[in-house]
Amino acid sequence: MSEAQSSGTAGLLSEHTRHEIDHWRAKFPEGRQRSAVIAALRAAQHQNHGYLTSELMDAVGAYLDVPAIQVYEVASFYSMFETKPAGRLHVSVCTNISCMLCGADKIVEHIEKRLGVKTGESTPDGKFFLKREEECLAACNNAPMMMIDHVYYENLTPEKVDQVLDSLK
Amino acid sequence: MSQDIVNLEVNGVAVQGRKGQMIIQVTDAADVYVPRFCYHEKLSVAANCRMCLVEVEKAPKPMPACATPIAEGMKVYTKSPKAIGAQKATMEFLLINHPLDCPICDQGGECELQDLAVGFGRDAARFEERKRVVKDKNLGPLVSTDMTRCIHCTRCVRFTAEIAGVQELGTMGRGEGMQISTWVEKSVDHELSGNIIDLCPVGALNSKPFRFHGRGWEMTAQALVSPHDAVGTNLSAHVRRGQLMRVVPRANEAINETWIADRDRFSYEGIYAADRLERPLVRQGGALVPCDWETALEAAARGLQGAIAPGADRVGFLALPSATTEELHLFARIARGLGVANLDHRLRQRDFRDQGADPVFPGLGLAIADLDRLDGLLVVGADLRQEAPVLAHRVRKAAVRNKARIAFVNPARFDYHFPVAAYRAVGAGDMAAELAAIGRALAESTGAALPAALAHAGTPNDGQRAAAAALASGERRLVLLGGLAERHPGYADLRAIAAAVAGLAGAALGYLPGGGNAAGAALAGVLPHREAGGRPAGRVGLDAGAMLAGGLDAYVLLGGIEAGLDTAGEGAEAALARAGFVLALSPYAPEAVRRHAHVILPIGTFAETSGTFVNVEGRWQSFAAAARLVGEARPGWKVLRVLGNLLNLPGFEYESSEDVRIELERALGAQAGQGADTAYRGAWRPQGSLPGALADAPLYQSDPVVRRAPALQQTRAAARPRATY
Chain H
1 MSEAQSSGTA GLLSEHTRHE IDHWRAKFPE GRQRSAVIAA LRAAQHQNHG
51 YLTSELMDAV GAYLDVPAIQ VYEVASFYSM FETKPAGRLH VSVCTNISCM
101 LCGADKIVEH IEKRLGVKTG ESTPDGKFFL KREEECLAAC NNAPMMMIDH
151 VYYENLTPEK VDQVLDSLK
Chain U
170 MSQDIVNLEV NGVAVQGRKG QMIIQVTDAA DVYVPRFCYH EKLSVAANCR
220 MCLVEVEKAP KPMPACATPI AEGMKVYTKS PKAIGAQKAT MEFLLINHPL
270 DCPICDQGGE CELQDLAVGF GRDAARFEER KRVVKDKNLG PLVSTDMTRC
320 IHCTRCVRFT AEIAGVQELG TMGRGEGMQI STWVEKSVDH ELSGNIIDLC
370 PVGALNSKPF RFHGRGWEMT AQALVSPHDA VGTNLSAHVR RGQLMRVVPR
420 ANEAINETWI ADRDRFSYEG IYAADRLERP LVRQGGALVP CDWETALEAA
470 ARGLQGAIAP GADRVGFLAL PSATTEELHL FARIARGLGV ANLDHRLRQR
520 DFRDQGADPV FPGLGLAIAD LDRLDGLLVV GADLRQEAPV LAHRVRKAAV
570 RNKARIAFVN PARFDYHFPV AAYRAVGAGD MAAELAAIGR ALAESTGAAL
620 PAALAHAGTP NDGQRAAAAA LASGERRLVL LGGLAERHPG YADLRAIAAA
670 VAGLAGAALG YLPGGGNAAG AALAGVLPHR EAGGRPAGRV GLDAGAMLAG
720 GLDAYVLLGG IEAGLDTAGE GAEAALARAG FVLALSPYAP EAVRRHAHVI
770 LPIGTFAETS GTFVNVEGRW QSFAAAARLV GEARPGWKVL RVLGNLLNLP
820 GFEYESSEDV RIELERALGA QAGQGADTAY RGAWRPQGSL PGALADAPLY
870 QSDPVVRRAP ALQQTRAAAR PRATY
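Line order of the protein sequences matches chains H and U. Read in order, the letters of the first sequence correspond to residues 1 to 169 in our numbering. Read in order, the letters of the second sequence correspond to residues 170 to 894 in our numbering.
To be clear, the hints were calculated from the coordinates, so they are not data collected in a lab. Given the structure is predicted, the values throughout are model-derived calculations rather than measurements. All C-beta atoms in this analysis are idealised placements derived from N, C-alpha and C, irrespective of residue type, glycine included. Hints may be right or wrong, so weigh each one.
Straight-line C-alpha distance at most 25 Å; calculated BS3-like pairs for lysine-lysine [what the hints assert, rightly or not]:
(1) Lys131(H) / Lys304(U)
(2) Lys113(H) / Lys169(H)
(3) Lys131(H) / Lys169(H)
(4) Lys27(H) / Lys106(H)
(5) Lys304(U) / Lys84(H)
(6) Lys355(U) / Lys84(H)
Partner residues are not named here, just some residues of chain H that face chain U (Cβ under 7 Å, in silico) [said to hold, decoys possible]:
(7) Ala39
(8) Ser54
(9) Ile69
(10) Tyr72
(11) Glu73
(12) Ser76
(13) Phe77
Turn these sequences into a full structure, and let the hints guide you.
And the structure:
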């Protein structure tokens with residue numbers, strides 16, 4: 001890892017993000033900082049209000065002393081990372097078997113109608129991003145369910161979805 | 170070591186392997202073929218193509234041969250119904266998304282997937298769904314992409330990460346969406362990047378310059394040796410109807426393993442450059458006019474004799490250090506036969522003060538393969554990746570696998586993709602002082618007396634001590650003087666100090682000269698002070714620098730020398746322009762050569778002549794002509810032989826280049842094997858400013874052939890401005 005890489009773009013990361021990355025890096029042995037890439041990307045995505053840019057991924061690579069391309073690999077692999085501009089609040093409706101049987105498709109349809117966007121799209125005001133596809137989030141007992149920015153909302157009905165979406169700022 | 174031997178059975182035949190080996194290594198050694206895509210002996214094991222599944226007794230499922238370690242008593246079946254069934258099933262999955270576009274694919278006919286599809290594929294597809302389509306990437310001017318064909322073996326990714334040392338490609342996305350890519354739009358710039366073309370088992374990565382130019386079965390493979398650096402990289406030239414179509418590596422574990430530099434791979438385009446000379450040119454009434462060989466050779470001989478007549482001291486012979494040894498030997502014989510002592514091949518060197526201490530030939534002082542096993546290395550004045558990319562890979566292996574401590578003293582900071590123990594980037598004028606301080610640190614740490622050469626060394630700082638420490642540990646150590654040292658205006662000082670440092674460290678002192686055949690040129694006696702085999706010349710002539718600075722009456726140039734690019738001096742072109750007679754033996758006739766030459770004789774490039782290159786470890790590698798000569802051009806050694814005859818010099822009756830080589834070998838006797846020496850000792854004293862500039866010799870400006878290769882000239886490396894330190 002060249003020196004240019006470690007000095008260059010790391011400045012894009014906020015102090016809070018760096019603290020978060022430091023916290024995760026400390027959990028892994030010396031020289032295994034690559035293991036902290038997922039956590040670091042999560043912090044960076046949060047800092048940028050919902051999605052990652054190439055510059056931010058470069059910054060993560062530079063800060064962790066990991067080749068940028070390995071950061072891109074991780075970011076493009078996991079569905080919780082968005083590498084294109086997306087809304088601030090990530091709405092993920094589970095459409096796996098239990099939720100599907102309990103009417104998840106209707107919930108998706110309702111949200112699409114309410115937000116005026118299709119899955120995979122963000123609202124024009126940049127507030128909501130309706131994720132394309134979400135697999136089982138282990139809340140089958142209260143299906144159908146959705147997750148918005150790591151908070152679970154269960155036993156959904158169209159009315160309840162409206163309440164939730166209205167309550168979010 | 171007997172407990173390390175593992176006995177197992179492959180297809181009922183008892184074989185042995187070493188503990189820790191994988192099944193595929195044992196089957197390969199036993200000549201039992203197991204199909205594979207992702208496995209490559211030089212790369213880490215990925216086990217992601219699943220093509221090498223074999224049956225192992227007692228294992229419930231077929232096992233990947235590349236990732237299953239052998240065990241005592243193991244019974245492996247590579248052709249059992251279970252193994253074949255697994256391989257066929259894998260093949261069917263691989264072909265689900267692979268397009269059936271072999272007729273328009275460059276890999277067709279030499280494709281691992283195609284070959285294995287014949288052996289393991291079904292005759293008809295059962296897959297009726299939509300196939301995956303992947304957008305192509307622009308990886309730069311050297312590698313073309315057809316990413317829909319990719320089967321995700323990740324050989325290219327592992328190559329960039331493990332061999333090149335900088336991961337330029339990665340696997341993006343996952344599942345069906347997975348792609349090999351650079352993610353951001355970016356070219357693959359590493360100087361060994363072309364090797365991913367050979368590694369790719371399908372037609373996803375191919376040679377961009379060769380794209381749609383030919384088929385594997387139309388070409389014959391001829392063995393060649395690279396003239397572009399001192400490594401002597403083994404090449405396989407693919408020739409169709411006399412034309413060199415492309416170049417691929419020829420494996421040689423002792424030299425280049427299975428890798429070649431991009432410069433070796435893509436330089437062939439330069440052979441067919443627009444300014445390639447097809448007929449001899451003779452100056453008549455101010456203008457160069459094409460003529461037949463007889464006229465041209467007579468004009469050359471007459472001109473030379475005319476120039477010699479007033480005094481041989483006013484004639485200079487200059488040879489490019491990438492000419493063949495045979496050409497160089499005849500060149501030296503003609504010069505000395507005419508009584509000319511001004512003879513040199515060290516065109517870019519500036520400081521010749523200590524040439525008397527030159528080794529018989531500039532060599533590494535150890536075998537190239539031994540670089541892998543170095544414990545400590547001090548590199549003085551070398552941009553290794555640029556000067557000899559394949560050698561830089563060896564050094565990388567030493568650093569990464571052998572944990573060697575590598576230190577550099579350079580006039581600038583160059584990027585290295587391996588751990589560097591100490592990098593001392595100082596001004597060109599401070600390199601000698603820096604090196605001397607490192608030597609003093611070494612003497613202090615070992616308690617040895619300070620050699621005379623280091624008497625004026627300054628007190629070392631921490632960085633210099635760290636560099637000295639690289640030479641203090643381990644058993645195998647080397648101090649290497651590179652091209653920047655060779656071109657340094659204070660080369661003699663650098664060398665004296667380097668020799669003293671090597672002596673203190675008990676290290677070998679090695680050289681990495683510029684040009685593909687500097688060793689051959691030195692052995693053939695293309696030097697003003699040495700005859701063949703290092704014997705002192707009766708009369709010491711002018712060195713290359715003096716010849717071009719002083720301005721002689723006549724010059725003979727061998728190998729396509731372009732004065733402004735191949736020599737050190739800024740005044741070289743002017744010196745040639747002033748000369749009364751200039752004879753150039755050159756494959757090309759660029760404007761720069763046309764301006765000053767009176768006779769230009771078209772000769773073959775490295776691919777069109779038989780000959781020998783002597784590499785930096787003193788290895789003689791002979792090769793036959795691979796491609797047909799362009800136009801009326803003739804091999805250089807034949808032109809020189811006829812010239813010798815026309816000049817009435819005795820003993821120019823060679824019938825083949827082999828005759829020439831044998832004559833030189835006899836003349837060399839036992840001297841041929843001697844390379845670098847550490848005997849040289851001189852004194853150094855700090856001085857003021859340097860008597861000249863230290864110029865970079867950029868990667869893709871190294872010699873006339875490379876300079877004419879369009880694809881190489883389009884790379885980012887070629888676009889970098891030429892630096893002066």
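Ascending list of hint numbers which this structure does not respect: Violated: hints 4, 7.
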